[in-house]
Amino acid sequence: MDFQQEYIEEAKQVLKSLEHSLLELEKSPDPDQVNNVYRYLHTIKGSAGMFGYDHVERLSHELEDLFSDVRDGIRQQDDFMLDLTLHAVDILRDLLDGKDVVRESEKIIESIATIKGTAASGKGGRGAEVVNGYVVILRPDENIYKRGINFQGVLDDIQELGVCEFMIHNETVPFERQLSEKRITSWFEIILASTKSLDEVKEVFLFMKEAEYVVLAITSIDLFSSAEYKAFIALSPEMIDARERMARQLIPTLSALAEPSVVRDDAKTDDAVSVDDADEEEQQTTTIKKSKRGGHVSVSTQKLDQLINIVSELVIFRSEIQHLMGNNQRPEIAEAIEKLESLTLKLRDSAFNIRLVPLNILNVKLQRLIRSVSKDLGKEIEFITEGLDTELDRSMINALEAPLMHIIRNAIDHGIEKPEERERRNKPRKGLLKFYSYNSGDHVFIQLQDDGNGIDFDKIKAKGIEKGLLNKGQQYSEKELLNVMMSPGFSTADKVTTVSGRGVGMDVVKKEIAAIRGDIEVSTEKGLGSIFTLRLPLTLTVLDTLVVNVNESKYLIPISEVEFCYQETYTKLFAKKSRQVNYEGQLLPFVSLREYFGDDSYPAEGTVIIINKNDTRMAVVVDNIVGKLQTVYKPLNNILQDVNCFSGASILGDGSMALILNALKLNQ
Amino acid sequence: MSKSIVVAEDFNVSRKIIVSTLAKEGYVVMEASDGAEAVNLFDGRTIDLLITDFNMPNMNGAELIQKVRAIDSYSYLPILLLTTEVRQEKIQQAIDGNITAIVKKPFDTTEFVKIVKKALR
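Just so you know, the sequences run in chain order A and B. Count the first sequence with UniProt numbering and you get residues 1 to 668, in order. Count the second sequence with UniProt numbering and you get residues 1 to 121, in order.
Worth flagging that the hints you see were computed from the coordinates, not collected in a lab. Take these hints with a grain of salt, some might be off.
Simulated pairs of lysine-lysine, DSBU-like, Cα-Cα distance not exceeding 35 angstroms [stated by the list, open to error]: (1) B:Lys114 x A:Lys182; (2) A:Lys628 x B:Lys104; (3) A:Lys526 x A:Lys434.
The following residues of chain A were derived to be distant from chain B, with all beta-carbon distances above 10 angstroms [claimed, not checked]: (4) Gly73; (5) Gly153; (6) Val154; (7) Asp157; (8) Lys182; (9) Leu206; (10) Phe207; (11) Glu212; (12) Ile337; (13) His443; (14) Gly454; (15) Leu482; (16) Asn483; (17) Pro635; (18) Lys665.
If you're wondering where the values come from, they're calculated on a predicted model, not measured in any experiment. Think of the CB as a built atom: it goes at the ideal place given N, C-alpha and C, for glycine as much as any other residue.
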C-alpha cells in the first residue's frame, strides 16, 4: 500500500511538470518541450500498469503516441491538441485520486483518434525537409578566372547550400595564393549535406564546363568504395574510411542506416516487399530523417546579445584597421583585409540570423485570440495566413505581439460584421481575416486584411469632434481622419467592451510599432474592408545613417528619417527671429545643432536636413554632410538615458564615437 | 552598391528589353549599340558585367571581348555572350576561354536574370 501511495505522489509530480511543459509549448513550439511531454507521459504510463491503474495507462499511452508523432515531425502541434492534453492531465489526476471519470477518459481517447485520423491527410502536404548527401568534384580550368567566373563565389555558393566538408587536392601552391593570383591549380572534393535537390545543387555550377564538375548523390555510404568513385579519385582504404565517417557525420540519414553491407541487402529485399509495407517503410525512414535532422539548442537571449555585441565590435575594428592602413597598403595586406571583411560580414550575418525566428510562433496565439474574440462577439471568422515563415528578430516579434493582437481585435470588433448582417450584404457568413507577411529589401511587411465594413469615417469624425480632437465645421481628408484615429484617447467602440475600446487605442499600436522603428499604414474601403500594413526593419541593431558634421563632431541621423537635404546660407536662415524654413511651401520649424549645443559661431553656409518621421516634419541645420554609413546601434547607458535628443550611439570607422540623433525630440 | 552592367546589342528592341529587365533588378545599366561604342565605355570605370551580342556592326562581339580582356582592369570581368548562332563551334573558337557563358537568344527574362545574378557573384 505504501508503494502505491508513493506512486500516486510521484505520478502527480510528473503531471505537474507535464502541465508546465504543455503551457510552455502553448507559448511557442519547442522540440525540447515536446520531448519532455513525451517523456513524462511515458513515465506515467510505465508505472501505471504495475499498480493496476488501467485507465491511466490507456490514456497516457494514447497521448504518448500522439506526442511521439509531434516529436518526429509527422504531426504539427496545434491548439486543439494542447487543450485536449491539458484537459487529459486533469482527468489523469482525477483517475489517480480514484474518482470515476472513466467516461471522460474514453472521450479524450476518442478525440485523440480523430486527431490521428486527420493527420494522415496532413502528412503528405508538408513537404518533409530531407537532408540529401552529395559529393561534388570540381576540377576547374586553371584559367577559370579569365572567363570572368569568380571561383571563390562558386565555393561560397556551395557553402550556402548546406553543411559541407572541403578537401583540396594537389595543393602545391597554397590555396589562398591561388585565389589571390587567380590561377587555380588545385582540384576539390566536397561532401555536402543539403536540403536542395540535385538540380538545384547543379545550378551553382551553371557557368562551369561539363568536364569541370561532377555532382554525385550519396544514396549509400558505399559510394566512396565504389568503382564509380574510383573513376574520379583513387582512394586508399583509410581515405575511404575518412570520407565515410565525414559523410555519416554530415548526413544523418546515412548513419541511421546500419552497417554498409546490411544496407545493400535491405535495399534488395525492399523491392520485393508489398505495397502496404513499403508505405510503412517510407514512413519509418522519414521519421528517422525528421528526428535526426537539425536539432535545436536553446540559448538565452542574453548570450545572443553578447555574441552580437562582440561581432559588432569586430565589424567596427575591421573598419578601424582599414582606416589605419590608409592608402599606402601592400597588396597582400589589402587582400587579407578584404578576406577579413568578408568573414566578419558573414559572421555578422550569421550572428544576426540566430536571432531571427519565423513569425509562425505567433500563429497559435493569434488563432486562439481570434477564436475567443469571435466567440465573445458572436462573429464567424475565417483566418488565413500566408508567409508565416518570414523571419524577424526575436525581440521584434515579442514587441509585435501586443499591437498585432490589438489590430486583430479591432478588425473583429469594428470591422467584420455579424453573420446575419453579412448575409444581408451578400457577403459570406464567415468574415475573412487575412494575415500575410513578406520580405522586401531591408524590411519585413505584415499585412492584416479583413473583408468587413471598412473604417467609418463619419463615425471617426463625429467621435473626433466629441473628443475635441477635430473642429466641427471643418473638412478633413481621409488621411487626416485616419491620423486622428491613431491619436491618443480615441476609441470609437459604441460601448466599452472587454474586446476593444478599453482606452487603449490605435495610438498605442502606432507608438509600439514606432518603438521598433516600424511604420503603420491603413487603407480602407467602406463596406469592403480594411488593410493594416506594418513595415518593420529586419533587425534593430543595424542602422543606415547619414553622418553629419557639427563643429568637428559627428552625429548620425537614421536615413529612414531623412526626407531631403539642401544647403543654405546662415544669414538667410537666421534672417527672421522665428526658426523656420520654407520647404515645399510649408513652414517647418528648424533646430540648428550649433545653437542647440550652445555654440554661437556659425559657418557662412549650413546644410538643412528635412526630417520626416511618422509624418511629422521638421528641419535640422548642421555644418555639412559627411556621408552614409551602416552602423551598429548601441543603446546609451544609464547616465545618458535622460538625454532625449539622442536615441543611441555608434562607433565610426575611425574608432571615434558618434551619437544617433533623435531629431523630433530636439524641438521639445 | 548596385552593380554596373554594359549591354552591347545593335538590335534596339532586344537591347531595350534587356536594359529594362536589368534596370528593374536595380542594376546600373550602360547601353551601346555596337562594339565600337561599347569599347569606349571601358575607360577604367568600374564595370561588373558585360553582356554583348555576337553579330554587331563596326565591331563584333568577339573583337569587343578581345579588346576588353586586353585591358588590365577587366581581365577577370564576367562576360555573357548573346547569340542566335546555331553553329556554336564557330563562336566557341572565337572566344573560348574568354567568356563566362553563352546565352542563346531568344531567352526567358526570369531565366536571364538568374544567369546575370550568377555571373555577378
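Could you work out which of the previously given hints the structure breaks and list their numbers from low to high?
Result: hints 2, 5, 6, 7, 8, 9, 10 break, sorted rising.
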